[in-house]
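Peer 1: Chain B: place on chain A using the hints.
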Amino acid sequence: MNLAITLSMIAIYVAGLIYLVYRNPLPKQDFEEFAVGGRSFGWAFITMTIIGTWYAGSMYVGWAQMGVEQGIVVTYVMFYTLGGLYVLYVIAGPLWKLGKKYGIKTMGHYFELRYKSRSLRTFTGFVSLLIEFPWVVTELLAAGYAMQAISYGKIPFNLGMTIIAVIFIAYIVFAGMRAVIIADFYQGWMYIIGGVAMFLAAGYAIFGGYRGMFMEVRNLNAEFLTVPGPSAGWGGDVPGALFWPSLILMGAIGAYMWPSLIARIFAASSTKELKASSRFTPLVAVAFTLVITFFFVGTAARPEFKGEDSAYAVVNLLSTLGPVAVAVICILILNGSLSMMDSMVSTWSIVFVNDCVAPYSKVTSKGLTNISRISALVIGFGGLIISMQELPTIIQLVIRMYQGIVQFFPAVILGIFWKRGNKWSAWSATLVGLIITGIFSFTQPDFVPALHGMQGGLVALAANFLVYVVVALVTKPVPGVEQLFVDAKTADSDLGQELIR
Amino acid sequence: MSDKVVKKKGKAVYWVIGVLVAIAYLFVLVPPLFSLVNRVEPFVLGFPFSAFMIFALGLFIAVMLVLLYGIQNRRGEL
Numbered sequence: 003m004n005l006a007i008t009l010s011m012i013a014i015y016v017a018g019l020i021y022l023v024y025r026n027p028l029p030k031q032d033f034e035e036f037a038v039g040g041r042s043f044g045w046a047f048i049t050m051t052i053i054g055t056w057y058a059g060s061m062y063v064g065w066a067q068m069g070v071e072q073g074i075v076v077t078y079v080m081f082y083t084l085g086g087l088y089v090l091y092v093i094a095g096p097l098w099k100l101g102k103k104y105g106i107k108t109m110g111h112y113f114e115l116r117y118k119s120r121s122l123r124t125f126t127g128f129v130s131l132l133i134e135f136p137w138v139v140t141e142l143l144a145a146g147y148a149m150q151a152i153s154y155g156k157i158p159f160n161l162g163m164t165i166i167a168v169i170f171i172a173y174i175v176f177a178g179m180r181a182v183i184i185a186d187f188y189q190g191w192m193y194i195i196g197g198v199a200m201f202l203a204a205g206y207a208i209f210g211g212y213r214g215m216f217m218e219v220r221n222l223n224a225e226f227l228t229v230p231g232p233s234a235g236w237g238g239d240v241p242g243a244l245f246w247p248s249l250i251l252m253g254a255i256g257a258y259m260w261p262s263l264i265a266r267i268f269a270a271s272s273t274k275e276l277k278a279s280s281r282f283t284p285l286v287a288v289a290f291t292l293v294i295t296f297f298f299v300g301t302a303a304r305p306e307f308k309g310e311d312s313a314y315a316v317v318n319l320l321s322t323l324g325p326v327a328v329a330v331i332c333i334l335i336l337n338g339s340l341s342m343m344d345s346m347v348s349t350w351s352i353v354f355v356n357d358c359v360a361p362y363s364k365v366t367s368k369g370l371t372n373i374s375r376i377s378a379l380v381i382g383f384g385g386l387i388i389s390m391q392e393l394p395t396i397i398q399l400v401i402r403m404y405q406g407i408v409q410f411f412p413a414v415i416l417g418i419f420w421k422r423g424n425k426w427s428a429w430s431a432t433l434v435g436l437i438i439t440g441i442f443s444f445t446q447p448d449f450v451p452a453l454h455g456m457q458g459g460l461v462a463l464a465a466n467f468l469v470y471v472v473v474a475l476v477t478k479p480v481p482g483v484e485q486l487f488v489d490a491k492t493a494d495s496d497l498g499q500e501l502i503r
Numbered sequence: 714m715s716d717k718v719v720k721k722k723g724k725a726v727y728w729v730i731g732v733l734v735a736i737a738y739l740f741v742l743v744p745p746l747f748s749l750v751n752r753v754e755p756f757v758l759g760f761p762f763s764a765f766m767i768f769a770l771g772l773f774i775a776v777m778l779v780l781l782y783g784i785q786n787r788r789g790e791l
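These protein sequence lines map, in sequence, to chains A and B.
First residue of the first sequence: 3, per the numbering used here; consecutive thereafter.
First residue of the second sequence: 714, per the numbering used here; consecutive thereafter.
None of these hints come from the bench; they were simulated from the model.
Do not take every clue at face value.
[To be verified] With the Cβ distance kept under 10 Å, some of the chain A side facing chain B (calculated, not the full set):
no.: 1; residue: Met80
no.: 2; residue: Tyr88
no.: 3; residue: Arg213
no.: 4; residue: Ser233
no.: 5; residue: Leu276
no.: 6; residue: Thr445
Even for Gly, the Cβ is constructed at its ideal location relative to N, Cα and C.
Chain A extracted, bound-state conformation (with noise of 0.2 Å):
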């Protein structure tokens, strides 16, 4: 019986899911309705796609496991999640103009517009997806438990993994970046209101209510709810003061360079539509955040619930409140996973296009449209190949660079806002904060001990500055840069075309 209602759940989701992507195709077989959807959506598409995307489903697996472990620590998340959405106003209105103005649909791309160096897109483009490759591992092994577990072990493992790998590859080959947006417009929307409902009534259901919660909590040891939480948690190492501003000062620096989110720039109708989703995100960011990361600090009230690894413990708590509440938690985890991982496999789909086939061959704009396809293929399913593997070295690698993303920030918004930059400028400090975050990623744990807890990311973020700076006033400005900085006010803010709404 439990089964039963557990499957007819995820089925009910899979088909609304299934059914509004599949009914809008795309209006024409080129490459900018494919990759940007016809730049086209309205701010609730746009709020719903960045909600959907910035919340993964690994999130009730890897900050379910830092609430548990650590305690109240995990709300650093709400913190460098605004921090972002205020990067995102800032860069949003001059990068979609440009966008508009000259078919930009990358930061690579972006990148060669700015500073005349089409070996910068190459590599930007290259990089990033380098850098955010592992995220589509990490997504599709919760997608695996998520099935797992929905199916009390009846899906095993590997075939879960497979069965959400085919939905998403699917969608993304049928309509690309409209399909992708699409589907983040549901999931948004389930994030919302199942997640906020789920964790509200759970909190009620099991601990009498979020006060009860935090009375348990303080009650089992109060150093849960003060930051960096319990020395146990970090396993005796506990980081030094400037661990937690480190982490937010990463995340939100960080969070629009990572190629998936600001392909979201791109979509948008008009910057008018692409800034309204402000009206929104921001109050759902704080709202959705705080009601599920405090549920994770309140399940370490229930210590038995860990098991053998305590990043399952909020799954395990929630499961004790019978079949819907174990089809719910699931449904969110794909959902998550669903959502980051069609949007990542699309984005790097088009990055490998757009910056590392397009600027050296003469393909036409259909030609590339079906060569994203099949790179969506390729890189959809090698993740998934990847996922079954015991981790290759070579991801553990690469997951250490994970600061490395915030390395592309200086080239941009100083790209924005400060005419002096050129591609010497860029290169270079791109290429020392990429070498010092890798130094530290190797030879320090997630932050350096000896900088009070800092992460080493940070340290190579302000060398990263400081090159891009004096490179720039010891070197001649990018000719034509003029014209760009008038375009970046001055470019029609909206298409001017009939919008999804």
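Peer 2: Frame of chain A; chain B shown alone:
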């Protein structure tokens, strides 16, 4: 393109919002200031003090962004 005429208006309100958000983030990011917030007692509205302040600071920062959008939208500056 919209045929609205974008009028030059005072930027002071943006500075005010910027400074207020910066102050809120200082309380989050600067360890001596954060230590004022980073304690369990007293419980406020059922939340430990740290959780309540995290909520309050987050809500304030979020509302400021909504306000920033609202002002720019009303002025036709988007």
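Peer 1: Kindly indicate which numbered hints from before are broken by the structure, ordering the numbers from low to high.
Peer 2: 4, 6
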